[in-house]
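Chemist: These two chains come separately, so use the hints to put the complex back together.
In the order they appear, the protein sequences are chains A and B.
As numbered in the working numbering, the first sequence has no gaps in its residue numbers, which increase by one up to the final residue, 113.
As numbered in the working numbering, the second sequence has no gaps in its residue numbers, which increase by one up to the final residue, 113.
If a hint is listed, it holds; no wrong ones were tucked in.
Here's a subset of chain A near chain B, in silico, CB distances under 10 Å, partners left out: (1) 33; (2) 35; (3) 37; (4) 41; (5) 42; (6) 44; (7) 55; (8) 56; (9) 94; (10) 96; (11) 98; (12) 100; (13) 103; (14) 105.
Since the hints were derived computationally from the structure, they do not count as laboratory data.
Since the model is a prediction, treat every value here as computed from it, not as a measurement.
We put the CB at the ideal spot given by N, CA and C, even for glycine.
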Amino acid sequence: DAGVTQSPTHLIKTRGQQVTLRCSPISGHKSVSWYQQVLGQGPQFIFQYYEKEERGRGNFPDRFSARQFPNYSSELNVNALLLGDSALYLCASSLVAAGDTQYFGPGTRLTVL
Amino acid sequence: GNSVTQMEGPVTLSEEAFLTINCTYTATGYPSLFWYVQYPGEGLQLLLKATKADDKGSNKGFEATYRKETTSFHLEKGSVQVSDSAVYFCALSRTGTASKLTFGTGTRLQVTL
Numbered sequence: 001d002a003g004v005t006q007s008p009t010h011l012i013k014t015r016g017q018q019v020t021l022r023c024s025p026i027s028g029h030k031s032v033s034w035y036q037q038v039l040g041q042g043p044q045f046i047f048q049y050y051e052k053e054e055r056g057r058g059n060f061p062d063r064f065s066a067r068q069f070p071n072y073s074s075e076l077n078v079n080a081l082l083l084g085d086s087a088l089y090l091c092a093s094s095l096v097a098a099g100d101t102q103y104f105g106p107g108t109r110l111t112v113l
Numbered sequence: 001g002n003s004v005t006q007m008e009g010p011v012t013l014s015e016e017a018f019l020t021i022n023c024t025y026t027a028t029g030y031p032s033l034f035w036y037v038q039y040p041g042e043g044l045q046l047l048l049k050a051t052k053a054d055d056k057g058s059n060k061g062f063e064a065t066y067r068k069e070t071t072s073f074h075l076e077k078g079s080v081q082v083s084d085s086a087v088y089f090c091a092l093s094r095t096g097t098a099s100k101l102t103f104g105t106g107t108r109l110q111v112t113l
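Bound conformation, chain B alone (with noise of 0.2 Å):
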């Protein structure tokens, strides 16, 4: 079945640090692939997509590239701010009949000053 995995946390940065957050997935054909991020108390807001190979998806300085070979979809940005503290999930979707998303277990991450 379809799975992903991502580095578990919680990842601890100091403002203007470089951000790596690991996503590894496993899924049959061609899934599509996001990363959401939860702030606390919230829902989840998209953070970017990308749906096919090579494919990269950017938003507010993060960005992430879809690599088939690996099978990876690393989150990354160059210079973390405090207000990006939150919880981020990886997930894929299948395309099919219906567009359900399976989700890492998600990863914190904490930025001071």
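Chain A extracted, bound-state conformation (with noise of 0.2 Å):
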């Protein structure tokens, strides 16, 4: 079966841009998690869906938002785009919302210049 699938796998914005990141769970899994992954740090926690409702919300502001449609996949978007938004961005899925092991994705790298 096919892992987390993430696109595109490189993006590359200039400041004040806005920008859409793409996730597909595994197949089966009804949650999807979003981190920011900084150069150097482990990842943060942005959003996590289930059932196409937020279930969880990081420190992050409201530039950032997210959904996930019927087919369980996800997309982040990040408006008014900072060179500090520069970072790997992960996503990660689940069978359920709570106590379950997350499966990473590869990741999509943003650079903003």
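Modeler: So, in structure tokens, the structure goes:
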């Protein structure tokens, strides 16, 4: 079975632009979480979605938003990009919302110039 | 709040040496504990996990024991290989309505011949 897939692999944007990142979970998984990993640091939790509803939100500004579709895939949107948004964005999926192991995709590397 | 503290790297070892990467945590209640590994240019892979006190997680020769009395989850391997060179992340997840992972800052391991 395919693992978690993310697109695009790499992305270069300029300050002030908007970006959309996409994630497809493992087949059968209904929960998707998003994490931001700045170079040299551990991933930081952004959002979790389960059955199209937001189940958790990390300490990120309102410029960050996400949604989950009926097929359980998800999009992360970031508006008004800042240089500090440059990072590896990781998507993770799990069977259920709570108490389950999360499996990560390869990530999308976002560079903001 | 929840937090994870890992020993700083990089850790440089010769092949077949013994590995220990220290991890301690702060959390209320009984979190689940994880070790993830990140190879260069890739996302995170689950290495092992433990969900209750005194549980031992193991995989690919790596082991870690959930020690509630010392709030620790140290990663060990008896004989490292060059292919183990990667960044290792300790993480915890609190049981609740969501499965937010809280990560440490990561420890880079470099194994030389």
